[in-house]
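**Q** One-letter residues, chain by chain:
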Amino acid sequence: MILTAKAPAIQETPPSEGVTFIGIGEFMVSTLPLSSIGLGSCIGLILHDEGRKMGGLAHIMLPDSQGRTDRPGKYADTALVALLEGMGCHGTTRGRIVAKLAGGASMFAHFSENFSIGDKNLQAVRILLQERSIPIVAEDVGGKVGRTIVYYPGSNGRITIRRGDGSCGEI
Amino acid sequence: MELTPIQKDALQEMGNIGAAHAATALSTMLMTSIEMNVPEIFVVDISKVHEFISDDRAAMVLFQVSGDISHGGFLLLHVPIPSAIRLVNVMLGQTDMDREMSEMDQSALIEIGNIMVSAFLDGTAGLLDTVMLPSPPDLVIDMPHAALEVIIATQLAEGVNEVVLFRTELTSNEHSIESNIILLPNPPMLNDIIRMLENVLSVA
Numbered sequence: 000m001i002l003t004a005k006a007p008a009i010q011e012t013p014p015s016e017g018v019t020f021i022g023i024g025e026f027m028v029s030t031l032p033l034s035s036i037g038l039g040s041c042i043g044l045i046l047h048d049e050g051r052k053m054g055g056l057a058h059i060m061l062p063d064s065q066g067r068t069d070r071p072g073k074y075a076d077t078a079l080v081a082l083l084e085g086m087g088c089h090g091t092t093r094g095r096i097v098a099k100l101a102g103g104a105s106m107f108a109h110f111s112e113n114f115s116i117g118d119k120n121l122q123a124v125r126i127l128l129q130e131r132s133i134p135i136v137a138e139d140v141g142g143k144v145g146r147t148i149v150y151y152p153g154s155n156g157r158i159t160i161r162r163g164d165g166s167c168g169e170i
Numbered sequence: 000m001e002l003t004p005i006q007k008d009a010l011q012e013m014g015n016i017g018a019a020h021a022a023t024a025l026s027t028m029l030m031t032s033i034e035m036n037v038p039e040i041f042v043v044d045i046s047k048v049h050e051f052i053s054d055d056r057a058a059m060v061l062f063q064v065s066g067d068i069s070h071g072g073f074l075l076l077h078v079p080i081p082s083a084i085r086l087v088n089v090m091l092g093q094t095d096m097d098r099e100m101s102e103m104d105q106s107a108l109i110e111i112g113n114i115m116v117s118a119f120l121d122g123t124a125g126l127l128d129t130v131m132l133p134s135p136p137d138l139v140i141d142m143p144h145a146a147l148e149v150i151i152a153t154q155l156a157e158g159v160n161e162v163v164l165f166r167t168e169l170t171s172n173e174h175s176i177e178s179n180i181i182l183l184p185n186p187p188m189l190n191d192i193i194r195m196l197e198n199v200l201s202v203a
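Order-wise, the sequence lines are chains R and Y. First residue of the first sequence: 0, per numbering that gives the first Met the number 0; consecutive thereafter. First residue of the second sequence: 0, per numbering that gives the first Met the number 0; consecutive thereafter.
Watch out, some of these pointers could steer you wrong.
Listed next, the in silico DSSO-like pairs over lysine-lysine satisfying Cα-Cα at most 27 Å (straight line) [said to hold, decoys possible]:
no.: 1; chain 1: Y; residue 1: K7; chain 2: R; residue 2: K143
no.: 2; chain 1: Y; residue 1: K47; chain 2: R; residue 2: K119
no.: 3; chain 1: Y; residue 1: K47; chain 2: Y; residue 2: K7
no.: 4; chain 1: R; residue 1: K119; chain 2: R; residue 2: K143
Derived by calculation from the structure, the hints in this document are not laboratory data.
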């Protein structure tokens, strides 16, 4: 066996022109494309305002903040509030805003009982949206696959999806 | 989470010993030389995990770590798809590169993962003078970032925003096979490891 020291090879995400990457627990409101890579049990929550050609993406990791405010994008409850505030919606959304969801998968067959986090995230997001009467107009959720999404606010709120099984889609 | 330089050195040495055991196991299985890089330790903010772990489809054999150490840590073998097929081909004496992963490939990968991960844990547990055991394996062929998200979400107490990640690259130049062994200790397991390493250092 030969042991050689090599320079660290970090697997960088290739830079895509004009796309902002939203990491785990982050959120952003923009008129320009937003992307989250490799959604597993996390949820990509997109709120889209077609009238203003803008919207927001939150990369939600857990269902409930339990009062924590340090990372609004990380939890379903705080992420929804943060996105709405970012889009200038205080109080009612008057049907202007629609939601799209991606992610919430269960990746592992054997550790399943410990890993229902994807389902819990989905359930939490659905209830929160319903409470504010924000309709979910499209979703690509659940199952066993990871998903990379790109959201285009200026192009009818189109979302392209690349899945971990090699398939692609659009919602 | 802040690691002192001494803790970082000690953890790196532990990773080195574990990975060397895994590399020897892989080298024996493939009957070829295996190159190994110096293990890297990253303390990564959850929002930056995507800069370290890609969404390029790969085969991952995952194990939960148990034994005489706090449970909840994960050890995984990560092999990009083309490398995974070459790896199985070398193991099983096949040559067909242009194919999907078959059931046979998947069982072979699980077995390779089992052997390498057991060797890694034997090496590190020997150093720490403890017992570390792998759970039954789970094979996932998907985006590595997606698989890690699930582990991170389950592992971290809600208030924690950093992940500790060990990575060692093992490669075979002869067969152009790349693989990574990745250890994701949860905070209790990391604390145990650091405490055990400090014991080892104070005795030596």
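**Q** Any hints this thing doesn't respect? Which numbers, in order?
**A** 1
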